[in-house]
Each structure stands twice: as structure tokens, then as C-alpha cells.
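Chemist: Residue strings, one per chain:
Protein chains: 2
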Amino acid sequence: MFEKLNSLDDLLLHEVQDMYHAEKQVVKALPDVAEQAASPELKSALEEHLQQTKVHVKRLERVFEMLGQEPKAKKCKAMKGILDEGEDTILEKGSSETIDAAIIMSAQKVEHYEIAAYGSLAAWADMLGLQDIKQLFGQTLDEEKAADERLTELAKAGLNQRAASKQPEKQFAE
Amino acid sequence: MFEKLNSLDDLLLHEVQDMYHAEKQVVKALPDVAEQAASPELKSALEEHLQQTKVHVKRLERVFEMLGQEPKAKKCKAMKGILDEGEDTILEKGSSETIDAAIIMSAQKVEHYEIAAYGSLAAWADMLGLQDIKQLFGQTLDEEKAADERLTELAKAGLNQRAASKQPEKQFAE
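Chains as they are written, first to last, in our numbering: chain R, 1188 to 1361; chain A, 1188 to 1361.
Pulled out of the complex, with its shape left as it was, chain R reads as follows (with noise of 0.2 Å):
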């Protein structure tokens, strides 16, 4: 645990070792998620990012390659906690459409634990002209926005057929 970070190359490699092992939990996690899931569009969604988070983990093996490191997994507390945390409310009792929210709420955690990593991760990358890794962080950095964007219109399209749905009900109270 307390290995030097002398420079900006240590530090890289350590949050990518934190990333590998991210990465892998959410392939692990995901499934169970989509499972659990009413909505199709919802479903489906999670079910396309779990094969985008594949390809994640094989391109930071590319990384590590790059680099010239074996793969290593450094224990993300921090995605096991969001993770955690998720499946808690998740499998709390609820009506599917409540359940569905939560999981977008989740999910949305998990992108944006994402975003802030890689969008550090390519600003180091660049200035340790590794202009090739930064490239594949920028990659990944673009589809986590994409999926957390994507996210975002499924609870919308939800909170609006909910509104829609609650209307009659609206309509009787007044």
C-alpha cells in the first residue's frame, strides 16, 4: 500500500491499476444490475455498457502493455463502496418503476466515478507525452460521458410516463 509516487508516471500507473480493477468489478456487477432492471430500454442499455466495459478493461491492458507492466489489480475501495452501495437499493422492496430510478441513480455513480478517473488520467497521459494511452483514456472518457448521457434520457422518458401515467389520478383529486 505505500509505494512511492515520486512522480507523475507512478501515479498514472497506480490509477490504473485503480481503474483495472474498477473496470472489472463493474464487468462482474452488471449483470446482476441489467437482471434486476423492468424497463426494456433500460435493460438493454445496461446490457450494451457491460460489453463497452469489456473492451475497457482489454484496452487498459493495452496500457499496461504500453507501458510495459504486467495487468495488476489494485483494490478500488471506492467503486466497491458505489457498487455496494447500489445493490443495497436495489434489492430493497419497491415498485419496479422506483426500483428502475435507483438503478439509473446507481449507475450514474458509476460513470461519473469514471469520468473524473479517466479525465485525470488522459491530462497526465498528455503531459507525460504519452500521446497514444492519452488517446485510448479520451476513447473510454468519451463513451462513460455517452453512457451517463444515455442514462440520463431513460430517467426522463421514465419521470414522463410516470407523469403521464399518474394523470387520470391528478385529474380525479381536483
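Any given hint could turn out to be false.
The list makes no distinction among identical chains, and a pair is therefore deemed to hold if it is satisfied within one copy or across any two copies.
Said to hold, decoys possible - Below are the DMTMM-like pairs computed for lysine to aspartate or glutamate, each with C-alpha atoms no more than 25 Å apart in a straight line:
no., residue 1, residue 2
1, 1230, 1219
2, 1280, 1330
3, 1280, 1313
4, 1215, 1271
5, 1262, 1228
6, 1191, 1330
7, 1215, 1197
8, 1343, 1196
9, 1280, 1319
10, 1259, 1275
11, 1261, 1274
12, 1259, 1279
13, 1211, 1336
14, 1215, 1196
15, 1259, 1336
16, 1261, 1279
17, 1267, 1329
18, 1343, 1319
19, 1241, 1279
20, 1230, 1196
21, 1343, 1329
22, 1343, 1330
23, 1262, 1340
24, 1261, 1313
25, 1261, 1336
26, 1245, 1284
27, 1191, 1336
28, 1267, 1319
In short, the hints are calculated from the structure, not lab data.
Got chain R sorted already, so can you dock chain A onto it with the hints?
Modeler: Same frame as chain R, now just chain A:
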């Protein structure tokens, strides 16, 4: 733990309790992080964000009140993971500029967690017709986004400074 999430109101309250715990953890953690920072600009950004985070806690207490609920913190495993991991990295031995880069990334992971959470909370409050509460979440969301952008600027400035100071070394190597 296995409460019911039958409606969006339940989920909103559940998440407010989660964020109440999360923000309080950030209030506890930030002074130590600011102390570890070497750059005076980073140190003051973290100190200002501490004051802002205390306001976010108060704002959540107002939300509890507006919902007719007692303030209650629900253990936020995700924030705990993010902060524990940040602390592990920051406590590693290294050059001050590298530790500053690590602090900025950790802080951005905190901001991004909160951006994901308050983004969902604001959308849910809107759907539930809780406009005053939506506005409070929106204010915090804007402040978290601004804090994240400030950290990105500080990261860039730090990397540029590092590049400038390495210039003679590079010329030597040519």
C-alpha cells in the same frame, strides 16, 4: 436496510439520508486533505469547498424539514469508499506535486459522486412537484459542478507549471 421503496417519495428520502451522511463525511475529511496539499491555491480551494459543504449539510436539513422528516443519516458506503481510497493515496510517500495531482483527482471523484446524486434528486423533486426542494438541490448541484471545474483548472495549472520546470531537463536530454 430492507425498507420499502414503493414510490419516488421513498426513494428521494432514502437518497437525501444517504447524501446527508456523505456530505458530513466530506466535512470531516476535507481539513486533513487541505493540510496535505502543497499548492496554496489548491489548499484554499479545498478550504473554501469545506465551507460550501457545510452549507450543503444545512441545505439538506432544510429539505428534511420541508419533507416533514427528522434529519437522519444513512451510511453512505460509496462516499466512505471514495474517501478511504483518497486517503490511502494521499498518505503514500511522494513528491508534493504528485500528491497534489492525486488530491485533485480524489476531490473530483467526490464532486462527481455528488453531481450524479444531486442530478437525480433534482429530477425526482421536479417530477414530484417539490419545486422549492428542487431549487435547493439545483443550487448544490451548480456549486459541485463549479468546484469540479475549478479543480480541473488547478490540475491544468499544476501540470503546466511542472512542464515549465522540466523544460531545462528536456533540453539537456536532446
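Chemist: With reference to the structure, classify each hint as holding or not holding.
Modeler: Here is what the structure says about each hint:
1. 1230 x 1219: Cα proximity of residue 1230 and residue 1219: one copy only (10 Å, versus 42 Å across).
2. 1280 x 1330: neither (32 Å within a copy, 33 Å between copies)
3. 1280 x 1313: Between copies only: 24 Å across chains, 46 Å inside a chain, cut-off 25 Å.
4. 1215 x 1271: both (12 Å within a copy, 22 Å between copies)
5. 1262 x 1228: neither (32 Å within a copy, 31 Å between copies)
6. 1191 x 1330: Intra 32 Å, inter 34 Å, cutoff 25 Å: neither.
7. 1215 x 1197: neither (28 Å within a copy, 28 Å between copies)
8. 1343 x 1196: between (41 Å within a copy, 16 Å between copies)
9. 1280 x 1319: neither (47 Å within a copy, 29 Å between copies)
10. 1259 x 1275: between (28 Å within a copy, 18 Å between copies)
11. 1261 x 1274: Both: 22 Å inside a copy, 15 Å across copies.
12. 1259 x 1279: between (34 Å within a copy, 18 Å between copies)
13. 1211 x 1336: The answer is within: 22 Å in one copy meets 25 Å, while 28 Å across copies does not.
14. 1215 x 1196: Neither. Shortest intra-copy (29 Å) and inter-copy (30 Å) distances fail the 25 Å Cα cut-off.
15. 1259 x 1336: neither (31 Å within a copy, 31 Å between copies)
16. 1261 x 1279: between (30 Å within a copy, 14 Å between copies)
17. 1267 x 1329: within (23 Å within a copy, 27 Å between copies)
18. 1343 x 1319: For residue 1343 and residue 1319, the Cα distance is within 25 Å only across copies (20 Å; inside one copy 37 Å).
19. 1241 x 1279: neither (28 Å within a copy, 30 Å between copies)
20. 1230 x 1196: between (39 Å within a copy, 23 Å between copies)
21. 1343 x 1329: both (21 Å within a copy, 19 Å between copies)
22. 1343 x 1330: This pair counts as both: shortest intra-copy Cα distance 20 Å, inter-copy 23 Å.
23. 1262 x 1340: Result: close neither inside a copy nor across copies, 32 Å intra and 29 Å inter.
24. 1261 x 1313: Within one copy only: 23 Å inside, 40 Å across.
25. 1261 x 1336: neither (29 Å within a copy, 28 Å between copies)
26. 1245 x 1284: neither (34 Å within a copy, 30 Å between copies)
27. 1191 x 1336: For residue 1191 and residue 1336, the Cα distance exceeds 25 Å both inside one copy (37 Å) and across copies (28 Å).
28. 1267 x 1319: neither (29 Å within a copy, 34 Å between copies)
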